[in-house]
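Chemist: Listed below, chain by chain, are the residues.
Number of protein chains: 2
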Amino acid sequence: MRFDDVTAVTPAGTSGRYTAQVDPQWSIAGKPNGGYLLALCARAAQAELSAEGEHHPHVVAASATYLSPTAFGPARLDVEELRRGRGTSVLRVRLSDDDGTPRLEAHVTCGRLRDDAEPHHDNVTAPDVPPIEQCVRLPVDGPGFQVPIMGVLAEHLDPACLGWATGAPSGAGELRGYLAFDDGREPDALALLLAVDAFPPATFDLGLGGWVPTLHLSAWVRALPAPGPLVVRQAARLVEASMVDETCDVWDSRGRLVATGHQLAGVRVPRPA
Amino acid sequence: MRFDDVTAVTPAGTSGRYTAQVDPQWSIAGKPNGGYLLALCARAAQAELSAEGEHHPHVVAASATYLSPTAFGPARLDVEELRRGRGTSVLRVRLSDDDGTPRLEAHVTCGRLRDDAEPHHDNVTAPDVPPIEQCVRLPVDGPGFQVPIMGVLAEHLDPACLGWATGAPSGAGELRGYLAFDDGREPDALALLLAVDAFPPATFDLGLGGWVPTLHLSAWVRALPAPGPLVVRQAARLVEASMVDETCDVWDSRGRLVATGHQLAGVRVPRPA
Numbered sequence: 014m015r016f017d018d019v020t021a022v023t024p025a026g027t028s029g030r031y032t033a034q035v036d037p038q039w040s041i042a043g044k045p046n047g048g049y050l051l052a053l054c055a056r057a058a059q060a061e062l063s064a065e066g067e068h069h070p071h072v073v074a075a076s077a078t079y080l081s082p083t084a085f086g087p088a089r090l091d092v093e094e095l096r097r098g099r100g101t102s103v104l105r106v107r108l109s110d111d112d113g114t115p116r117l118e119a120h121v122t123c124g125r126l127r128d129d130a131e132p133h134h135d136n137v138t139a140p141d142v143p144p145i146e147q148c149v150r151l152p153v154d155g156p157g158f159q160v161p162i163m164g165v166l167a168e169h170l171d172p173a174c175l176g177w178a179t180g181a182p183s184g185a186g187e188l189r190g191y192l193a194f195d196d197g198r199e200p201d202a203l204a205l206l207l208a209v210d211a212f213p214p215a216t217f218d219l220g221l222g223g224w225v226p227t228l229h230l231s232a233w234v235r236a237l238p239a240p241g242p243l244v245v246r247q248a249a250r251l252v253e254a255s256m257v258d259e260t261c262d263v264w265d266s267r268g269r270l271v272a273t274g275h276q277l278a279g280v281r282v283p284r285p286a
Numbered sequence: 014m015r016f017d018d019v020t021a022v023t024p025a026g027t028s029g030r031y032t033a034q035v036d037p038q039w040s041i042a043g044k045p046n047g048g049y050l051l052a053l054c055a056r057a058a059q060a061e062l063s064a065e066g067e068h069h070p071h072v073v074a075a076s077a078t079y080l081s082p083t084a085f086g087p088a089r090l091d092v093e094e095l096r097r098g099r100g101t102s103v104l105r106v107r108l109s110d111d112d113g114t115p116r117l118e119a120h121v122t123c124g125r126l127r128d129d130a131e132p133h134h135d136n137v138t139a140p141d142v143p144p145i146e147q148c149v150r151l152p153v154d155g156p157g158f159q160v161p162i163m164g165v166l167a168e169h170l171d172p173a174c175l176g177w178a179t180g181a182p183s184g185a186g187e188l189r190g191y192l193a194f195d196d197g198r199e200p201d202a203l204a205l206l207l208a209v210d211a212f213p214p215a216t217f218d219l220g221l222g223g224w225v226p227t228l229h230l231s232a233w234v235r236a237l238p239a240p241g242p243l244v245v246r247q248a249a250r251l252v253e254a255s256m257v258d259e260t261c262d263v264w265d266s267r268g269r270l271v272a273t274g275h276q277l278a279g280v281r282v283p284r285p286a
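These protein sequences, in sequence, are chains F and Y.
Numbering of the first sequence is given in our numbering, commencing with residue 14 and proceeding in unit increments.
Numbering of the second sequence is given in our numbering, commencing with residue 14 and proceeding in unit increments.
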């Protein structure tokens, strides 16, 4: 199923309520990807906003708190408008399972990004990544678990940060590479919400395996991406107290920083012997 | 008024509802500081949690969306528990003016930070800051506006990043220095929510003056701070499309990274002539 189909929402008859189908392919180890769910929440926010026309067509920021893993299949989205301003509108979206169990809650800020904007100050150094032909596409068979989303996302990683796949992580805590939809769909503001949480956890590069459940994710969309594969850098900042904070920066084919994600996630750290 | 007093909340009789007083001293240019308001929301979350005992005594993450400037004086806090887990609890807090106008909404995650935790991986380089005696305390008289919060927070900045105060910003987009409560109150997890948004905007160091209204702020509390002044680095990552994303890192007197804030804020950029 395509990204636009798996993030589609349908009005549920009650004001501010939508239904959706959480697709099992957009998942890791049996759990829906957090960026996919954030994009789904943004679609619901945009659906709610659309009644006012096209003033705020782009997601510019989205911030989510994940409560527990979302079930596949039917889901409910409850949208409340918190602010309708001249420049931006803010909506809260709660995603629940079909039985009403809340799974995540997001704040979505929509506005308008201009095609002709240019950076005034950019202090985020772009990574040096080899040509995509020299990078390695991540398979659906992950390290000890299945990663079905790798069938619909084409992720090509710099071999220099793939040591974890052969038991020799670099220890730098950084993954770099390319990201594109496998079906050729071009990136847009909505897709960037997925992009900031679509790479494997940077903790793999520290030799810390296993699932890294996202607690909080904040995504800033800084510019409209040009067509072509995105360049992504996922970096672990601090691993402590069974948590890691990771910063994920995303550049488009023009080399422009188009999105950043910051997340706090759980991680298993072996105890010293 | 002391920090603990200006973040105090009182049960309002209705389940999950509290009242508070937004103090005019904890403000910049007539608007309450965003970190102060986030700490106030966290106090409300903790009050709501306290019925269950002391299992989750520390804020470990808080993420807020600011809708419009909060008024000074009486405020209302509505708290809803979204998750009560074994390791963490998550609460949503909405702060409204006395008349019910919503001003910000936060997700607060509470858990327990252990005194004996140690970093497993730390990729966040601490700044080189001169001794506090060689730094300059920021005054209440700010650049074109009053900053009353500088009367209750002692902020000593590295002179090397104070060029903006004399019309010669460095252009690096980074402010470094020390932060303490003026009355000697020691930092704790709650105070770190304030610390990640208490420095002047790093855009001052880019020659961009004026108010930088926070749209989103996410704060991670990574460790319990030791007594003594905090070291703070506020850095602008990208300025584009009338917005800046800033990362604020906070170290304690042991040199441990204890908190990080990520915010997306509005900023005025002069148009090219």
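Note that these hints are calculated values from the structure, not bench results.
Remember, predicted model here, so these are calculated numbers, not experimental data.
Idealized CB from N, CA, C, for every residue including glycine.
Mixed in with the good hints there might be a few duds.
[Claimed, not checked] Some chain F residues flagged as far from chain Y (calculated, every beta-carbon gap over 12 Å): (1) 19; (2) 85; (3) 156; (4) 165; (5) 224.
[As the list claims (entries may be wrong)] Just a few of them, taken from the derived set where beta-carbon distance is under 8 Å, the chain Y residues facing chain F: (6) 76; (7) 99; (8) 103; (9) 120; (10) 126; (11) 128; (12) 137; (13) 138; (14) 231; (15) 236; (16) 251; (17) 252; (18) 254; (19) 275; (20) 277; (21) 282.
Chemist: Which numbered hints are broken by the structure, listed smallest first?
Modeler: Numbers 7, 11 and 13 - these are the hints that the structure violates, sorted from lowest upward.
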